[in-house]
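Given the sequences, and given the hints that come with them, work out the whole structure.
Each chain, written out:
There are 2 protein chains.
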Amino acid sequence: MVKQERAARTRETLIRSAAEVFDRDGFCSASLTAISSIAGVSNGALYFHFASKSALADAVEAAALTRLLAVTRAELPAGASHVQLLIDVTHHLADALRGDVVLRAGFALSGELSRPARVVLRDHWRCWVEEALERAEMEGEFRTEVAAQDVVTAVVAATVGFEVLSMQDAMWLSATAVSRFWRLLLPTVVPAALLVDLEVGGT
Amino acid sequence: MVKQERAARTRETLIRSAAEVFDRDGFCSASLTAISSIAGVSNGALYFHFASKSALADAVEAAALTRLLAVTRAELPAGASHVQLLIDVTHHLADALRGDVVLRAGFALSGELSRPARVVLRDHWRCWVEEALERAEMEGEFRTEVAAQDVVTAVVAATVGFEVLSMQDAMWLSATAVSRFWRLLLPTVVPAALLVDLEVGGT
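Order-wise, the sequence lines are chains A and B.
Its first residue numbered 1, the first sequence is counted upward by one per residue in my numbering.
Its first residue numbered 1, the second sequence is counted upward by one per residue in my numbering.
Keep in mind that the hints are not guaranteed to be accurate.
A few chain B residues that don't get close to chain A, going by computed Cβ distances all over 10 Å [said to hold, decoys possible]:
id, residue
1, Gln4
2, Arg6
3, Ala45
4, Tyr47
5, His49
6, Ala51
7, Ala62
8, Gln149
9, Leu185
From the structure, some residues in chain B lie toward chain A, with a derived Cβ separation under 8 Å [said to hold, decoys possible]:
id, residue
10, Asp25
11, Gly26
12, Ser29
13, Gly111
14, Gly161
15, Val189
16, Asp197
17, Val200
To be clear about the criterion: a stretch of chain B counts as covered by chain A if any three or more of its residues have a C-beta under 8 Å from a C-beta of chain A, and this derived list gives those stretches [to be verified]:
id, region
18, 151–160
19, 172–183
Hints were generated in silico from the structure; no laboratory data involved.
For glycine and all other residues, C-beta sits at the position ideal for the given N, C-alpha and C.
In structure tokens:
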């Protein structure tokens, strides 16, 4: 393996190890020695790549954003509604948060008061939901009496709630929990003709 | 003022000052010197009352629980539905979180990974919502096809989401935001005959 390649791999391993320790202990209590030990490198090697714990957190957030963008980059399948795409993406995000410690740590760092986040994942998520719902509204997928901003408020609050509650109990990121929310919300938001085609559990 | 009374006042002042600093800087970065300085007492006086920062956090959580119980202790007014009581209490909780730094810091400490919470306010809130919705279900206030557990999931997730998002923008605790959520949720949950009597903005 050439030298640059090995350095890039070590860097990736350190980011993942940092995410594991942030996810378990929180940013503040996270020990750099625990991170380098999980990564299987010396403290010196860690400092070669990252000048500080905060620089590691920046790297975790940047890596988490890449993963969030991979989730939200989903294409609208032919014939599908924008609302269905939003439902699908919320399920994919819940799955990804369950399985991917880097994404989970990146989101959790958004709520860390002791260190201002560079990349606030919860803000990126909110913006994506806003845009997805604006597209749905423009395509006439909402009941006429529904204000898109009401839907944004409910969807952003509930999904951030799922993410935060899952720190104590992963059940909150189950397909059951996410489907429950959509089952209650959708009948008020979309016309009956669209509702029959929607899969609250995702497609 | 007798000595015990003065000591009790100093203790209360320290709890409030700690809540202010936790709310601003997070538990981890909170400095005991900043807390004693805001309280207008010496570090020695702080240590006389609280052995550690963690003991102060315990006291903030206990004080916050008392305030949460004051919010959820609301009585059902004559003729009102259990669903209306729940709506009212979510508005009172949002108001209280906006105005009361001790309650806010107590909730935020629930999400602090670096220190296991003794009193997890988010759990207390979840349990209260569960009980309130069980009572509503027993009184026949839900549509027959609605499962109470679906409503619990949506209400707990959204309200915890409001609380967490408000750390960055207090707008999330506005009456507008809370009303938006109820306006979308209620038509699916309660029969039309009850819906017309409900005030999404609280009574």
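Evaluated hints:
no., hint, in the structure
1, Gln4, "holds, 35 Å"
2, Arg6, "holds, 32 Å"
3, Ala45, "holds, 25 Å"
4, Tyr47, "holds, 22 Å"
5, His49, "holds, 24 Å"
6, Ala51, "holds, 19 Å"
7, Ala62, "holds, 19 Å"
8, Gln149, "violated, 7 Å"
9, Leu185, "violated, 6 Å"
10, Asp25, "holds, 6 Å"
11, Gly26, "holds, 3 Å"
12, Ser29, "holds, 4 Å"
13, Gly111, "holds, 6 Å"
14, Gly161, "holds, 3 Å"
15, Val189, "holds, 7 Å"
16, Asp197, "violated, 18 Å"
17, Val200, "violated, 10 Å"
18, 151–160, "holds (count 8)"
19, 172–183, "holds (count 5)"
The earlier numbered hints that this structure contradicts are 8, 9, 16 and 17.
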